[in-house]
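Undergrad: The listed protein sequences correspond, in order, to chains A and B.
Okay, so the first sequence: first residue is 1 according to the numbering used here, each after it adds one.
Okay, so the second sequence: first residue is 1 according to the numbering used here, each after it adds one.
Among the hints, a few may not be true.
To be verified - 30 Å max Cα-Cα, derived DSS-like pairs, lysine-lysine:
| hint | chain 1 | residue 1 | chain 2 | residue 2 |
| --- | --- | --- | --- | --- |
| 1 | A | K115 | A | K52 |
| 2 | B | K201 | A | K115 |
| 3 | A | K52 | B | K75 |
Everything labelled a hint here was simulated from the structure, so no lab data went into it.
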Amino acid sequence: MTTLDFRNVTKRYRVRGSGDMLALDDVSFTLTSGQTIALVGQSGSGKSTIAKILTQLERATSGEVLLDGEPIPHRGPGLRRYRQRVRMVFQDPFASLNPYHTIRHHLERPLRLDKVVPADEVEDEVRALLTRVRLDPDATIDRRPHELSGGQRQRVAIARALASRPELLIADEPVSMLDVSIRLGVLNLLADLQRESNLGVLYITHDLATARHFSDEIMVLHHGVVVERGPADDVILRAQHEYTRALRGASPDPDKHFADPSGRAVTRS
Amino acid sequence: MSLSTMPTTSETSEARATEPERPTTLRRLGSSFAMFRNPKSITGLVILGVFALVAILGDLIAPYGPLEKDFSALKQPPSAQHWLGTTHLGEDVFSQIIYGTRGVLVVGLVAGVLATFTAVVIGVAAGYLSGWRSESLSALTNVFLVIPGLPLIIIVASQYDDPSIVLISAVIAVTGWAWGARVLRAQTMSLRNRDFVQAAKANGERLWRIIAVEMLPNLTAIIASSFVGTVTAAVLGLTTLAFIGVIPITNLNWGTILFWAQQNGAFPDFWWWYVPAGLCIAILGTALSLVNFGIDEYVNPRLRSAGERARAMRKKGLSTASGVTAVRIAGKDGDDAAGTGRASSAGADGEGAARP
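Taking the hints into account, I'd like the entire structure generated from these sequences.
TA: Spelled out as structure tokens, the structure:
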């Protein structure tokens, strides 16, 4: 059982000429394996800052992040070990894969870096990973990102994140850049993978509907402050904070959705 | 390669495992040179190839030694014996041009390599680092950018009685790397914050690997263009220096021919003495520029995608003017299986990716 403690984290960005920008203000939460927490908020609310601190691409200004009670080391093998256990899926699969390298390269690197499998089994493991994310290994392994569709790319990105066999996964708006028609496929894949390997998932999104469907708990972030949290249904159905209600009001209504006379699924514009 | 876990029989899995290897390496190599795959670059490269051949095979091609004197034929116009005439000492101009090619190309190449190497190291470092280190590297680049090249070269070169070819190249490189470094810095800064670099960092890749393996391949076109640019500058610099007599006449190149022609009153009557050398400089410069235009076309996404699409359509036997939307049909060959699943077989999630 892995437990990630995000404890009283504050993050300030120094903005040249206009003082500091407070991105996160005293944010705390706990993520354990097998659990999905949705982090909901609009652009600029600090969602991605949390992802960056969790992957240690940024450092918290104050507060700490504990993995199984141990603070994250800032460098060296300890940091690598942490990064092997906590992985991230980036938002934009068009930007998060190197256009120059093949899919093989993208999946091999984490395997070799963390020595997940012996060198002579890397090829098999890459194929197994592609199969896990429901891609045909033969058809994809030697391709480059631009030869794949957005959904396929995001599957590759998910495979890359899973390569080091992490215990916790941070999914930073994993479907917001994808066509509406394929979002559900990718989200279902994530949910399946989570059940298969008992992952703890931090699902960052601005879409309340999918947050409710895919997560156990929802945290609503507004201007760097957690304004509401609790079991998914409670937060949605009995929203306390004004901002959550506004968010909910912006979501499509499922009843209206299916009552469309033409019988076709209507999607939010 | 162990394939024991593959569910297929050993024979088919063997074939499957080995077959993609060759096309992949070839395709990989091919795409590294994609920037040269257009008419402009190819024309330029062919001309450069001819000059390179002349430089390498100079001893075989040249009918006379470059300094071989024939006092019976002084300042002779082109003839059967001397295709491009002779100098005031009866030296064969054609042979001098051929031997001079070597000096020009070697200096151009060495200076280009030195300058590009410096530009990559300083430019990429300045782009990737941040804070005072980036600022100071940037300031250094700016200083070298505003240093007037030619006067500096004249001062340095005139310190030595007989500067070697490497020294001349080095001096030219010192004044020529800054522009490339500037461009590379800008491009690196934009690459640095791309998600794939961040992803590599989050995977725990080492700094040098991120730079060398993740970022540099994406900079090849700019590095190539910067290399071609510095070679051009080096060739022009070298011939200029030789022409004004800063570089000793023992270093034989096209500029030296012009120097002697000018010294001995060749202008304007003895045209065979100076026109060939001038033309060679112009043609080499044109060839290098053509290569650079080709790279430009490749780098500029607008020019590039238009050209690529047109080429791809021509390959499929479609006319670009017909206005037909090209749809690839899956299953025709293995090549299409991954990319076009969407077009042919709309899967449950509309994506066709689920084909384990």
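Undergrad: Run the distance test for B:K201 versus A:K115: straight-line Cα separation, threshold 30 Å.
TA: Holds - the C-alpha atoms of A:K115 and B:K201 are around 17 Å apart, at most 30 Å.
Undergrad: With the threshold set at 30 Å, check whether the alpha-carbon distance from A:K52 to B:K75 stays at or below it.
TA: Distance of about 76 Å is beyond 30 Å: violated.
Undergrad: Just to be careful, I want the Cα atoms of A:K115 and A:K52 compared with a cutoff of 30 Å; is the pair within it?
TA: With a Cα-Cα distance of about 24 Å, the restraint between A:K115 and A:K52 holds, given a limit of 30 Å.
Hint 3 from the earlier list is the only one contradicted by this structure; the remaining hints agree with it.
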